[in-house]
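Number of protein chains: 4
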Amino acid sequence: MGSSFGDLFRISTFGESHGGGVGVIIDGCPPRLELDLEAIQAELDRRKPGQSKITTPRKEDDQVEILSGLLDGVTLGTPIAMVVRNKDQRPQDYREMEVAFRPSHADATYQAKYGIQARSGGGRASARETIGRVAAGAIAKQLLAKAHGTEVIAWVERIHNLEASIDPGQVNLAAVEANIVRCPDQAMAAQMIERIEAIGREGDSCGGVITCLVRQAPIGLGMPVFDKLEADLAKAVMSLPATKGFEIGSGFAGTLLKGSEHNDAFLPTSDGSLHTATNNSGGIQGGISNGEQIVIRVAFKPTATIRKAQQTINDRGEATTLEAKGRHDPCVLPRAVPMVEAMVALVLADHLLRQKGQCGLW
Amino acid sequence: MGSSFGDLFRISTFGESHGGGVGVIIDGCPPRLELDLEAIQAELDRRKPGQSKITTPRKEDDQVEILSGLLDGVTLGTPIAMVVRNKDQRPQDYREMEVAFRPSHADATYQAKYGIQARSGGGRASARETIGRVAAGAIAKQLLAKAHGTEVIAWVERIHNLEASIDPGQVNLAAVEANIVRCPDQAMAAQMIERIEAIGREGDSCGGVITCLVRQAPIGLGMPVFDKLEADLAKAVMSLPATKGFEIGSGFAGTLLKGSEHNDAFLPTSDGSLHTATNNSGGIQGGISNGEQIVIRVAFKPTATIRKAQQTINDRGEATTLEAKGRHDPCVLPRAVPMVEAMVALVLADHLLRQKGQCGLW
Amino acid sequence: MGSSFGDLFRISTFGESHGGGVGVIIDGCPPRLELDLEAIQAELDRRKPGQSKITTPRKEDDQVEILSGLLDGVTLGTPIAMVVRNKDQRPQDYREMEVAFRPSHADATYQAKYGIQARSGGGRASARETIGRVAAGAIAKQLLAKAHGTEVIAWVERIHNLEASIDPGQVNLAAVEANIVRCPDQAMAAQMIERIEAIGREGDSCGGVITCLVRQAPIGLGMPVFDKLEADLAKAVMSLPATKGFEIGSGFAGTLLKGSEHNDAFLPTSDGSLHTATNNSGGIQGGISNGEQIVIRVAFKPTATIRKAQQTINDRGEATTLEAKGRHDPCVLPRAVPMVEAMVALVLADHLLRQKGQCGLW
Amino acid sequence: MGSSFGDLFRISTFGESHGGGVGVIIDGCPPRLELDLEAIQAELDRRKPGQSKITTPRKEDDQVEILSGLLDGVTLGTPIAMVVRNKDQRPQDYREMEVAFRPSHADATYQAKYGIQARSGGGRASARETIGRVAAGAIAKQLLAKAHGTEVIAWVERIHNLEASIDPGQVNLAAVEANIVRCPDQAMAAQMIERIEAIGREGDSCGGVITCLVRQAPIGLGMPVFDKLEADLAKAVMSLPATKGFEIGSGFAGTLLKGSEHNDAFLPTSDGSLHTATNNSGGIQGGISNGEQIVIRVAFKPTATIRKAQQTINDRGEATTLEAKGRHDPCVLPRAVPMVEAMVALVLADHLLRQKGQCGLW
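Residue numbers (full-length UniProt numbering), protein chains in the order written: chain E, 1 to 362; chain R, 1 to 362; chain H, 1 to 362; chain W, 1 to 362.
Hints may contain errors.
No copy is singled out in the list; a pair is fine if it fits within one copy or between any two copies.
[Said to hold, decoys possible] When the alpha-carbon atoms are kept at most 20 Å apart in a straight line, the in silico DMTMM-like pairs for lysine to aspartate or glutamate are as follows:
1) Lys87 / Glu65
2) Lys325 / Glu60
3) Lys258 / Glu34
4) Lys308 / Asp36
5) Lys258 / Glu323
6) Lys146 / Glu38
7) Lys59 / Asp36
8) Lys308 / Glu60
9) Lys53 / Glu202
10) Lys87 / Asp7
11) Lys325 / Glu65
12) Lys87 / Asp61
13) Lys87 / Glu60
14) Lys258 / Asp204
15) Lys258 / Glu194
16) Lys146 / Asp36
17) Lys59 / Glu151
18) Lys59 / Asp7
19) Lys258 / Glu163
20) Lys258 / Glu202
Everything labelled a hint here was simulated from the structure, so no lab data went into it.
Produce the complete structure using the sequences and hints provided.
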């Protein structure tokens, strides 16, 4: 348990940072979807380490192989298995950490829960696990685009205390990908990159906030009462490593408004559709999408593994000092952008199938 | 789908604001738990309408009847069904809303999804649905207390822009229940009550923030990678009506720290347990509880249904004005405190059974 | 866990033979289904005790109350909760059994698993639990009839060694209900009734076989590879009390044929539909319905609780003799006919929603 | 959906007869289980094609690669992914079948459900899919053996109308593996082999019955009321290709007995354990294992794909004749023995974890 997500568009990931590889099975992808295989690899490339000077220099090709579920590039309705081989492992970097629990990492809790762990590279808690999510999310995106013209797009909104100024209506993928920090405010992006580099040079790390937007969202997705769309979105992104907070629509700031200020007035429409004057709801009302843009924000903490010396303990509970030797990201956000998009796409695809069935989309 | 929560300690709720009643089935509660039935009713009384001058004046007794699963007050391991009858219904209050969609409420999306709805009283989107959650949560709390001495306690931390000053280590149930807004900062509580009354007199509403703490949490709860404990907590509370944001530990504020500031140093222990100098992790690392206090914060928006006139549309998409006539809470937070506790307790109970099995707790 | 069945048309039952009552929640029933409430009660009447001289003389009205999910008799898409109150309890009949484990009953295993039980009336293992299944199945039948004109019909084919001679194509509900044993071979039915009475007078019991047929089954139901339609049907009926065997189509007898004899030749069709010359497949190929009649057979053992003296043990493992005093069915099959129909209908409804989604049926 | 099985010891299989390979993920295997990797391969060798003169001559090595979940051969508690590459594909053998639906095979129903299919080699309906089940079952067996000394053993009891005479108490793996048909009655095995060869030479096929036994079964496995142990066993084996019937304990024959003949008398015990004089219950009472041997029987139909000419239709519904060219098993039973064992072991492992939790076994 714990490594599957979704009910009808269900993914199951596997793999650690050591061992043969990592990957995912998608069970429930509708048949007759013509897959763009390059688009799947492109998402993995946005996620992979070593892609720029502000990510870990660890080198992994992360070439995906699809083992099943396709005939001539078209989905069969059967499980789609995707595998990425592990390559650039340096277990020697982890020797010290094998005797010292990294503060705010999963070392100590995994040991407490399982009584065994593969600490090299972070084991199952490694960000490599998200490869399966991103690959599956790339397929969910294609499904959503074909079924409803839906677009899922995320970007870095804040790094440390550097906040971008962004008009969500204007953001597009090109603007996000125009710089290595994935912030569509190009001027602020330059500052963010500089900040990450500076903090990295200190042997330290930083966090920030990612915003994700869904355009042309299908109406009617989400189930009362526990599987509300925002509840499933919250679980989806809070299951990503290093997340500390989630907001839908107005979020925490919305709690400062009165109801008369916060409510989204419905505007007259001639075709039975819904349209609101404002969007504090973030595209979801009563747990069900209303067709407006879905907007969420996700908080990512500073990377736990840093080179600076830290006080900690070893397996026997004795005090020790740790200076991590591995190659780590000083800031996870640039690589987390495709992860957030993937999780959001997976939630929407799952709810779309609950609504329409596995064979009812086209 | 959508009305069940949890895997091993699984609850299924039913019921609308109209109809015979609302309730819940718990499937998977371990056998041989001696239930304190008065404690269950006490939680429902904390939740019920009409309990004070700052809640809706609607009167419901909300007396719970347990239909199954017990022998002389002791659990059998079989499903526990609990029912609360509906009583104080005034469908006439909803006549106007039957033709006008309430802004930021579930009216429009339910209609779009189902093509039918029971709008009287909010239907399934009514806060009455949470009765089943609170009753089940009361049993989960008793299970946690017996199995591990675990305590779950929540309180109002902010109303509108009035923020309490609270030492979490000192909060107890008596302090929370000492005033009708459920804020243990008694001085600020008085201001909060005044604010809610003032806003209510305007025909308006307000929101705020609830904090929830878990003391003596079992270590090792949570599953990598999708069923991380914080992910399940996020889904749990974001499935409550009116929630807009979730934080674990340092939350959004933690994103402003560097890794060296944010990391929780492990302190030496002599008995193999874990203890950290700070708790920015909020008691969870790598998705698994580390035994420190679990701390979450939940944002609640201002109540959507207000008496002030609002622009909206009717079923045909035509513009209309709505002044809600029903009896509504100007602020949901005082009544939401036991709801948050219930959802947190349900998540912990579920994960405890995943770890120990249904019959392995005592 | 264990008291829910189905994924998209999911039922959760509750209740023991003692306590306030028994019932069921249906989660996922599509909206806008106009329910025939009398038809639901009629199914419960086919199941209830005391309906004829060959069933237990225990008297229960088994009047169902629907607590939620409907507006003016039409489904809302929200959970439908149904409750039947317990009435005719005679715990004194069970005193002796409280110290002696009934052979081949659930007494000993429940005690071993849970360390506690409500043995009076059989507790959760009582046939009263099936009330929830039959009530939910009655709704599933109506859904199938509206969505696809599908009919589910079962009958008694054999009692003890008395085998009926039946042309499945001719069976209808009137013929099944024309006698109290529910065997549409009226001549054999008379013998069966006589046999059950004779065996009952001995203080003994007997079993037999029920056949169930699905006419106008939707094509395409069933999921490769674990959720094959026959696999889910097998689980469904093998979860009924007293079942010992399951067959689909040719069943065990089909294993005596060669492939050339057993294969069902496809006949030419002009409209793209499928039609086979024979139906050894029982309407399912590769786990997926092919549109032919679905045919299953279910073996029911003789009732475990008998009045004849039996050797057994008490809670301390000591030898003792038991002569059950309660009012028991000498043969469960007449009352099991609506249970089998209910379980089959529930499986089909669930798979129909997997195929079409919750809101895609009409 | 449909390609996962189990809740706590959950497997997800993937792969078709074409494409890169087939395999399985196990999610929930407890940590600290030292795996015998050769024993896993040995089970796959019992299942693989080309192993003897009475199986298909198709050659596949079926060498398993474990991609994750282990550290030095010991389980980590994280998902175990296993892959077997596809090799000996001859798509040309399937050209004719691509235009003609094989009678009683999955061709027509897959086409109806999905509107697309990979017919070469049977696609997802190929027996190759069971590789994942057998590999996972091999791990489940090791878990059961370590946790409780439990043994799962199956054998061929009948081929066509040739019925073996077997004392279940005496059967062991060596006796089953002593001949290529896997029937421990060595004299009858010789006749069975001859019969299969003769029918194979005719271009025809035959079926039969497999018995499976569980020795030293844990007591208390199975959940009232839907997840009864026999219900889950029934689903498990009825999800295997070509199965038509299932029996637990006395099965259909038991319906001919009276209650006084069928009931299993409890014998006195001094240690609180349960022991019965007979075992018509097949080791399960009230859906829960009682510690006696669990005994099931499974009916397998004759292989659908035969070389003999058959009447059928093509995709356009037009009549045609088919003489299958592929290399097919004249009888699936010898290779199905490890499949049945695997499915039974998976059910038991899953229920053991429901009872004891993921980390509570040792």
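Do the hints match the structure? See the list:
1. Proximity of Lys87 and Glu65 under a CA criterion of 20 Å is satisfied in both settings, with 14 Å inside one chain copy and 16 Å between copies.
2. For the homomeric pair Lys325 and Glu60, the shortest alpha-carbon distance inside one copy (18 Å) is at most 20 Å, but the shortest distance between copies (45 Å) is not.
3. In this homomeric assembly, Lys258 and Glu34 never come within 20 Å of each other (Cα to Cα): the closest approach is 48 Å inside a single copy and 41 Å across copies.
4. In this homomeric assembly, Lys308 and Asp36 never come within 20 Å of each other (Cα to Cα): the closest approach is 43 Å inside a single copy and 42 Å across copies.
5. Taking CA atoms no more than 20 Å apart as the test, Lys258 paired with Glu323 passes between copies only; the shortest distance there is 16 Å, against 49 Å inside one copy.
6. Taking the shortest alpha-carbon separations for Lys146 and Glu38, only the intra-copy value of 16 Å comes in at or below 20 Å, while the best inter-copy value is 45 Å.
7. In this assembly of identical chains, Lys59 and Asp36 lie within 20 Å of each other by CA distance neither inside one copy nor across copies; the values are 25 Å within and 33 Å between.
8. For the identical chains of this complex, Lys308 and Glu60 are neighbours neither inside a copy (25 Å) nor across copies (53 Å), given an alpha-carbon limit of 20 Å.
9. With identical chains, the CA atoms of Lys53 and Glu202 are at most 20 Å apart within one copy only, with a shortest distance of 15 Å there and 56 Å across copies.
10. For the identical chains of this complex, Lys87 and Asp7 are neighbours neither inside a copy (32 Å) nor across copies (32 Å), given an alpha-carbon limit of 20 Å.
11. Proximity of Lys325 to Glu65 under the C-alpha cut-off of 20 Å is found in neither arrangement, the shortest distances being 31 Å within a copy and 31 Å between copies.
12. For the identical chains of this complex, Lys87 and Asp61 are intra-copy neighbours only, at 8 Å inside a copy versus 26 Å across copies, given an alpha-carbon limit of 20 Å.
13. Proximity of Lys87 to Glu60 under the C-alpha cut-off of 20 Å is restricted to the intra-copy arrangement: shortest distance 6 Å within a copy versus 28 Å between copies.
14. In this assembly of identical chains, Lys258 and Asp204 lie within 20 Å of each other by CA distance solely across copies; the values are 7 Å between and 41 Å within a copy.
15. Taking the shortest alpha-carbon separations for Lys258 and Glu194, only the inter-copy value of 15 Å comes in at or below 20 Å, while the best intra-copy value is 40 Å.
16. For the homomeric pair Lys146 and Asp36, the shortest alpha-carbon distance inside one copy (12 Å) is at most 20 Å, but the shortest distance between copies (40 Å) is not.
17. When the C-alpha separation of Lys59 and Glu151 is checked against a cutoff of 20 Å, the pair qualifies neither within a copy, at 30 Å, nor between copies, at 46 Å.
18. With identical chains, the CA atoms of Lys59 and Asp7 are never at most 20 Å apart, being 34 Å at best within one copy and 37 Å at best between copies.
19. In the homo-oligomer, the alpha carbons of Lys258 and Glu163 lie at most 20 Å apart only across protomers (16 Å), although the nearest pairing inside one protomer, at 26 Å, exceeds that limit.
20. Proximity of Lys258 and Glu202 under a CA criterion of 20 Å is satisfied inter-copy only: 10 Å between copies versus 44 Å inside one chain copy.
Hint compliance for this structure: hints 3, 4, 7, 8, 10, 11, 17 and 18 are broken, all remaining hints hold.
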